[in-house]
Amino acid sequence: MGEMPEEPGPALSGRGVFRSFIDLPRDSTAKTLVVSFLVCLVCSLVLSVSTVILRPIRVANEKAAQNALVATLLTDPSSGGEAESSEEWVVELASGERASGIDPATFDPLQAATEPTTGRSIPPERDIARIQRQARHAVVQIVRRDGKLHALVLPVYGRGYASLIRGSVVVAADGNTILGLAIHEHGETPGIGSEIERADWRDSWVGKQVRDGQGALRLQVTMDESEPGPEDAPFQIDGISGATRSSIGVGNMVRFWLSEDGFGPLLERVRAGDLR
Amino acid sequence: MTDFVRTLIRPIADNNPVAVQLLGICSALAVTKSVATALAMSVALGGVLIVSSALISLLRKVIPHNTRVVLQITIVATLVIVTDQLLAAFAPQISSQLSIFVSLIITNCIVLGRAEGFAMSHSVGESVADAIGNTLGYALLLTAIGAVRELFGAGSLLGFTLLPLAKNGGWFEPLQFLDRAPAGFFLIAGAVWVLDWMSRRAPPAVQRPGGEKG
Chain A
-10 MGEMPEEPGP
0 ALSGRGVFRS
10 FIDLPRDSTA
20 KTLVVSFLVC
30 LVCSLVLSVS
40 TVILRPIRVA
50 NEKAAQNALV
60 ATLLTDPSSG
70 GEAESSEEWV
80 VELASGERAS
90 GIDPATFDPL
100 QAATEPTTGR
110 SIPPERDIAR
120 IQRQARHAVV
130 QIVRRDGKLH
140 ALVLPVYGRG
150 YASLIRGSVV
160 VAADGNTILG
170 LAIHEHGETP
180 GIGSEIERAD
190 WRDSWVGKQV
200 RDGQGALRLQ
210 VTMDESEPGP
220 EDAPFQIDGI
230 SGATRSSIGV
240 GNMVRFWLSE
250 DGFGPLLERV
260 RAGDLR
Chain B
3 MTDFVRTLIR
13 PIADNNPVAV
23 QLLGICSALA
33 VTKSVATALA
43 MSVALGGVLI
53 VSSALISLLR
63 KVIPHNTRVV
73 LQITIVATLV
83 IVTDQLLAAF
93 APQISSQLSI
103 FVSLIITNCI
113 VLGRAEGFAM
123 SHSVGESVAD
133 AIGNTLGYAL
143 LLTAIGAVRE
153 LFGAGSLLGF
163 TLLPLAKNGG
173 WFEPLQFLDR
183 APAGFFLIAG
193 AVWVLDWMSR
203 RAPPAVQRPG
213 GEKG
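Heads up: the sequence lines are chains A and B, in that order.
My numbering applies: residue -10 is where the first sequence begins, and numbers increase by one.
My numbering applies: residue 3 is where the second sequence begins, and numbers increase by one.
Calculated directly from the structure, the hints in this document are not laboratory data.
It should be emphasised that the depicted structure is a prediction, and the values quoted were computed from it without experimental measurement.
Watch out, some of these pointers could steer you wrong.
Mimicking DSSO-like on lysine-lysine, the simulated pairs with C-alpha atoms at most 30 Å apart in a straight line are [unchecked claim]: (1) A:Lys20 - B:Lys63; (2) B:Lys169 - A:Lys197; (3) A:Lys197 - A:Lys137; (4) A:Lys20 - A:Lys137.
Sample of chain B residues at the chain A side, in silico, Cβ under 8 Å [unchecked claim]: (5) His67; (6) Leu73; (7) Ile75; (8) Ile77; (9) Gln87; (10) Ala90; (11) Ala91; (12) Gln99; (13) Ser101; (14) Ser105; (15) Leu106; (16) Ile108.
For every residue, glycine included, the Cβ atom is placed at its ideal position computed from N, Cα and C.
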């Protein structure tokens, strides 16, 4: 142990150094270090190669799964086989206007949020989604049926209990009715916080109203046991007991993104009929 | 019976990793709600176990004594991450059902137990046989438990309805208990009892293994 390798004599060739290294006892310090290093090197190479090769496939899978989930929210059994088209728009959040010059396919909101020119910080008292910074733009999906605006698919994200939750909120053409909520990605505790993925909870969002007649943002997730009165019922979603913080987190994230800091200005335009 | 076959068969019943050595219980509780997830988990574990046993056995003469566990974990962890990525890329559905339990294969005592307890001291062929045997033992037990839980907890096997559920107009009222993780505990305890009872009935020539810890 701790024995240093013998200094090879000047007469030894490179091959000789290799030989004498191989002949070292297995537990000599030099051999321990070299073998450990080599094993780690090979392992990290394998990992890097596999990550780089498989990433595009995984990203495509995720995208396909997200689209499939959003598609189930958009299917309206009452409507027949009407022509449906969807378009990706880059929207400037503050104005709600369509922005040009940004490619929706490559726009990364999390990356854009970190840069001072493409992102902005959120005042802590309004940061209910607990994301600190947000991008100035977002990619929304505009869904049309028979040429008329049918729905908007809005990307949302925010902190739950243990992780960043990402999802999509589908809002109807009136700019105020939730058509559905899809959770795409989260790292909440499996079996506990992961209940936010449950289909029946997702369904409980359908048909809820975002704002009341006075324009106040009323939509929220509540853990209140009592039955909501007719006043509140259209705006309230029952939280999941056992997943309180995760479901409240989802509620706050949706509230944040539907507020003036999020897609509020865009939805205002939709309500005013500016966007068809 | 050749040594190879004996090494292969022993972990299936005699020295079953889950029901006799009581290793890998955590994953056995979590992924046995249905046969499909139990099988997928067994394949994932099997892949990691067989490749890691082969690699570690191949390197057993050069792996330094002092850092052997670190290097074993490094190799196993690499294989686990690659397996996780492969599943996410080519079987996304299964991957999302198994969620974190694929990455938790690294903490599955069977893998490190076989690496340290067997592969470090046996030839590549024997180590692979041992790894296949342990995979089969694990898969057999998980699939059996998954079958019981899926059949009586959800009325189906591999997704095919065998017992029509009352809520879908059939007659079968599922045992909701089987849907919960503790049910796995009770079923594993049952399997422990059955295997113990079988080994007691077997002729005394069968030697009970001991001293292998994971």
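Going down the list of hints, with the structure as the test:
1. A:Lys20 - B:Lys63: holds (12 Å)
2. B:Lys169 - A:Lys197: Status holds; Cα separation ~28 Å.
3. A:Lys197 - A:Lys137: Holds. Lys197 of chain A to Lys137 of chain A sits at ~22 Å (cutoff 30 Å).
4. A:Lys20 - A:Lys137: violated (72 Å)
5. His67: Since chain A brings a Cβ to about 5 Å from His67 of chain B, closer than 8 Å, the hint holds.
6. Leu73: OK, holds: Leu73 of chain B within 8 Å of chain A, min 5 Å.
7. Ile75: Cβ of Ile75 of chain B sits 10 Å from chain A, so the hint is violated.
8. Ile77: It holds, given that the least Cβ distance between Ile77 of chain B and chain A is near 6 Å, below 8 Å.
9. Gln87: Gln87 of chain B check passes; min Cβ-Cβ to chain A is 5 Å, inside 8 Å.
10. Ala90: holds (5 Å)
11. Ala91: Because about 4 Å separates Ala91 of chain B from the closest Cβ in chain A, which is inside the 8 Å limit, the hint holds.
12. Gln99: Not OK, violated: Gln99 of chain B not within 8 Å of chain A, min 11 Å.
13. Ser101: holds (5 Å)
14. Ser105: violated (11 Å)
15. Leu106: This hint is violated: Leu106 of chain B lies away from chain A, its Cβ roughly 10 Å from the closest one there, beyond 8 Å.
16. Ile108: violated (13 Å)
The structure is inconsistent with the numbered hints 4, 7, 12, 14, 15, 16, although it conforms to all the rest.
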